[in-house]
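Using the sequences plus the hints, can you model the full thing?
Taken in order, the sequence shown gives residues 1 to 291; the numbers are from our numbering.
Hints may be right or wrong, so weigh each one.
[What the hints assert, rightly or not] Below 25 Å or equal to it, Euclidean Cα-Cα: the simulated PhoX-like pairs (lysine-lysine) are:
| hint | residue 1 | residue 2 |
| --- | --- | --- |
| 1 | LYS196 | LYS162 |
| 2 | LYS92 | LYS78 |
| 3 | LYS224 | LYS196 |
| 4 | LYS22 | LYS68 |
| 5 | LYS277 | LYS251 |
| 6 | LYS22 | LYS96 |
| 7 | LYS22 | LYS212 |
| 8 | LYS202 | LYS247 |
| 9 | LYS78 | LYS257 |
| 10 | LYS162 | LYS113 |
| 11 | LYS163 | LYS109 |
| 12 | LYS257 | LYS247 |
| 13 | LYS58 | LYS212 |
| 14 | LYS212 | LYS257 |
| 15 | LYS22 | LYS202 |
| 16 | LYS221 | LYS162 |
| 17 | LYS224 | LYS202 |
| 18 | LYS212 | LYS227 |
| 19 | LYS212 | LYS202 |
| 20 | LYS202 | LYS113 |
| 21 | LYS176 | LYS78 |
| 22 | LYS219 | LYS58 |
| 23 | LYS113 | LYS68 |
| 24 | LYS221 | LYS251 |
| 25 | LYS221 | LYS202 |
| 26 | LYS22 | LYS109 |
| 27 | LYS247 | LYS224 |
| 28 | LYS109 | LYS96 |
| 29 | LYS78 | LYS22 |
| 30 | LYS176 | LYS113 |
| 31 | LYS113 | LYS88 |
| 32 | LYS202 | LYS219 |
| 33 | LYS109 | LYS88 |
[Said to hold, decoys possible] Simulated restraints, written as ranges between beta carbons of each label pair:
| hint | residue 1 | residue 2 | range |
| --- | --- | --- | --- |
| 34 | PRO115 | SER151 | 28 to 34 Å |
| 35 | THR74 | GLN276 | 20 to 26 Å |
| 36 | TYR134 | ASP108 | 26 to 32 Å |
Quick caveat, the hints were computed from the structure, so don't treat them as lab data.
Glycine is no exception: its CB is placed at the ideal position from the N, C-alpha and C atoms.
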Amino acid sequence: MIQKLKNGHRYADNYLTDLTDKRNVYLLGLFWADAYISKTKNSIAYTCNSSDFNLYVKDVFESFGFTKFYNYITNSDKPVTGLHIGNKEIHKFLPKNDYSIKSGASPDKSLSKIPEELRHYWWRGYFDGDGCAYIDKRTESVFLSFTSCFSQDWTFINGLFKKLILQRYNIRRGNKRCRWKGKESMSHFSGVYIAKANEVYKFFNYIYPGMKYDGLGFKRKFDKLIKVNNTFGKTRTNKYEGVRWCKERQKWRVTCKINNKSHYIGQFSEEFIAYQKREEFIKKFSPIPLR
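Shown next as C-alpha cells:
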C-alpha cells in the first residue's frame with residue numbers, strides 16, 4: 001500500500017518498520033550512521049555525497065515510493081544529495097529504538113528485533129555510513145575503521161566482533177584539529193580500528209553475502225573486499241595441506257613428509273597446480289597415500 005505525505009512523497013506503508021524486509025534493515029544501519037532525527041518536528045533527514053547517493057541508495061528509496069530529493073553544495077564545495085521524511089509513525093519508531101540519541105547509545109534495541117539471518121544488512125548499511133577500509137600496497141597492510149563522536153557507546157561492536165571471533169582491534173577516544181569555515185578548532189572523536197588482514201576479511205565476509213545479487217550497498221566499498229581478497233587472500237586461505245603462500249617470492253611453496261622425512265617439492269604460481277605437484281610426488285615416492 002502506498003501512502004501520501006504532506007511534502008508530496010508517496011511511500012510504502014512498510015517503510016523502515018518492517019524488519020523482515022532487507023531494504024529496511026539496510027537503511028536502518030545507514031540511518032544509525034548518517035540520519036538526523038529532529039526532536040521538535042516529525043522530520044528525519046538523510047544525506048550523503050551525491051555520487052554515492054545516486055549510484056547506490058537512490059534506487060532503494062525509490063523502491064519505497066520516494067521521488068523527491070534535494071541537492072546542495074557544502075562549505076567545502078562537495079555536492080550532497082538527500083531527502084526529508086515527515087511522518088509521525090516513523091518518527092516515533094526511530095526514537096523508540098534510540099535513533100534520537102544514537103551519538104551516545106548502542107543500537108541494541110533495533111538489532112535485537114532484526115532476524116538473525118538479515119542482521120548483516122544492518123551492518124552493511126552502518127559500514128557504508130561510518131565505516132572505512134584502506135589498503136596500503138606499499139606495506140601490504142589492510143585497515144578497517146568506524147568513527148563516531150567521543151561519547152559513542154561501542155557495545156554493539158564488541159558484541160559482533162566477539163561473535164565473529166575478532167580479537168585484534170582497539171577502540172580509541174581522542175581529539176584532533178579540524179578546520180571549519182576557515183577557522184581551526186578541536187574535534188572530539190572515538191573510533192574502532194582493525195589492522196589485521198584476516199580479521200578485516202572475516203568482517204567483510206559477514207556483511208557481504210549475496211551483494212552481487214541483492215544490490216544493496218555502496219559497491220565501491222564492496223570492491224574493497226575484492227581487493228583485500230586478491231591482495232591478502234593467499235596468506236589466509238591454504239586450501240591444501242602442504243601448500244603455503246611464500247610472501248617473498250609471491251608463489252605457492254609445496255612440501256610433504258614421507259617416513260618422517262621432510263621433502264621440498266617446489267614453488268608454483270597457481271595454488272591448484274601446486275597441490276597437483278604434491279600429489280604426484282607422493283604417488284611416486286610414497287608406498288602409501290599421504291595427506
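For each hint, the structure was consulted:
For the hint linking LYS196 to LYS162, the alpha-carbon distance of about 15 Å falls within 25 Å, and the restraint holds. This hinted pair does not check out: LYS92 and LYS78 have alpha carbons roughly 32 Å apart, beyond 25 Å. Proximity of LYS224 to LYS196 is assessed by CA-CA distance (about 15 Å); at most 25 Å being required, the pair is judged to hold. As the CA atoms of LYS22 and LYS68 are separated by approximately 22 Å, the hinted pair is consistent with the 25 Å bound.
Restraint check for LYS277 and LYS251: satisfied, since their Cα atoms lie roughly 14 Å apart, inside the 25 Å limit. Restraint check for LYS22 and LYS96: satisfied, since their Cα atoms lie roughly 20 Å apart, inside the 25 Å limit. Straight-line distance between C-alpha atoms of LYS22 and LYS212 comes to about 15 Å, which keeps the hinted pair within the 25 Å bound. A C-alpha spacing of about 21 Å is found between LYS202 and LYS247, which places the hinted pair at or below 25 Å, so the restraint holds.
Restraint check for LYS78 and LYS257: the C-alpha separation of about 61 Å exceeds 25 Å, so the hint is violated. In summary, the hint linking LYS162 to LYS113 is supported, as the alpha carbons are separated by about 19 Å, within the 25 Å threshold. Restraint check: the Cα-Cα separation between LYS163 and LYS109 comes to about 18 Å, which is no more than 25 Å; the hinted pair holds. This hinted pair checks out: LYS257 and LYS247 have alpha carbons roughly 22 Å apart, not beyond 25 Å.
Under the criterion of a C-alpha separation no larger than 25 Å, the hint pairing LYS58 with LYS212 is consistent with the structure, at around 18 Å. Of the supplied pair hints, the one linking LYS212 and LYS257 is violated, its CA atoms being roughly 42 Å apart against a limit of 25 Å. Annotation: proposed proximity of LYS22 to LYS202 holds, straight-line Cα distance about 21 Å (limit 25 Å). This hinted pair checks out: LYS221 and LYS162 have alpha carbons roughly 23 Å apart, not beyond 25 Å.
Restraint check: the Cα-Cα separation between LYS224 and LYS202 comes to about 13 Å, which is no more than 25 Å; the hinted pair holds. Between LYS212 and LYS227 the CA atoms are separated by roughly 15 Å; this keeps the pair inside 25 Å, and the hint holds. Distance hint between LYS212 and LYS202 is fulfilled; the C-alpha atoms sit about 18 Å from each other, no more than 25 Å. Under the criterion of a C-alpha separation no larger than 25 Å, the hint pairing LYS202 with LYS113 is consistent with the structure, at around 24 Å.
Under the criterion of a C-alpha separation no larger than 25 Å, the hint pairing LYS176 with LYS78 is consistent with the structure, at around 22 Å. Restraint check for LYS219 and LYS58: satisfied, since their Cα atoms lie roughly 13 Å apart, inside the 25 Å limit. With a CA separation close to 30 Å, the supplied pair LYS113 and LYS68 exceeds the 25 Å bound. The straight-line distance between the Cα atoms of LYS221 and LYS251 is roughly 28 Å, outside the 25 Å bound, and the hint therefore fails.
Under the criterion of a C-alpha separation no larger than 25 Å, the hint pairing LYS221 with LYS202 is consistent with the structure, at around 15 Å. A hinted pair counts as satisfied when its Cα atoms are at most 25 Å apart, and LYS22 with LYS109 qualifies at roughly 17 Å. Restraint check for LYS247 and LYS224: the C-alpha separation of about 21 Å stays at or below 25 Å, so the hint holds. Between the alpha carbons of LYS109 and LYS96 the distance comes to roughly 8 Å, so the proposed pair stays at or under 25 Å and holds.
Distance hint between LYS78 and LYS22 is unfulfilled; the C-alpha atoms sit about 30 Å from each other, more than 25 Å. Distance hint between LYS176 and LYS113 is unfulfilled; the C-alpha atoms sit about 36 Å from each other, more than 25 Å. Annotation: proposed proximity of LYS113 to LYS88 holds, straight-line Cα distance about 21 Å (limit 25 Å). Straight-line distance between C-alpha atoms of LYS202 and LYS219 comes to about 18 Å, which keeps the hinted pair within the 25 Å bound.
For the hint linking LYS109 to LYS88, the alpha-carbon distance of about 20 Å falls within 25 Å, and the restraint holds. Against the hinted window of 28 to 34 Å, the Cβ-Cβ separation of PRO115 and SER151 comes to about 30 Å, which satisfies the hint. For THR74 and GLN276, the Cβ-Cβ distance of about 56 Å falls outside the hinted range of 20 to 26 Å, so the restraint is violated. Checked against the hint of 26 to 32 Å, the C-beta distance between TYR134 and ASP108 comes to roughly 28 Å, which is consistent with it.
Violated hints, listed in ascending order, are 2, 9, 14, 23, 24, 29, 30 and 35; each of the other numbered hints is respected by the structure.
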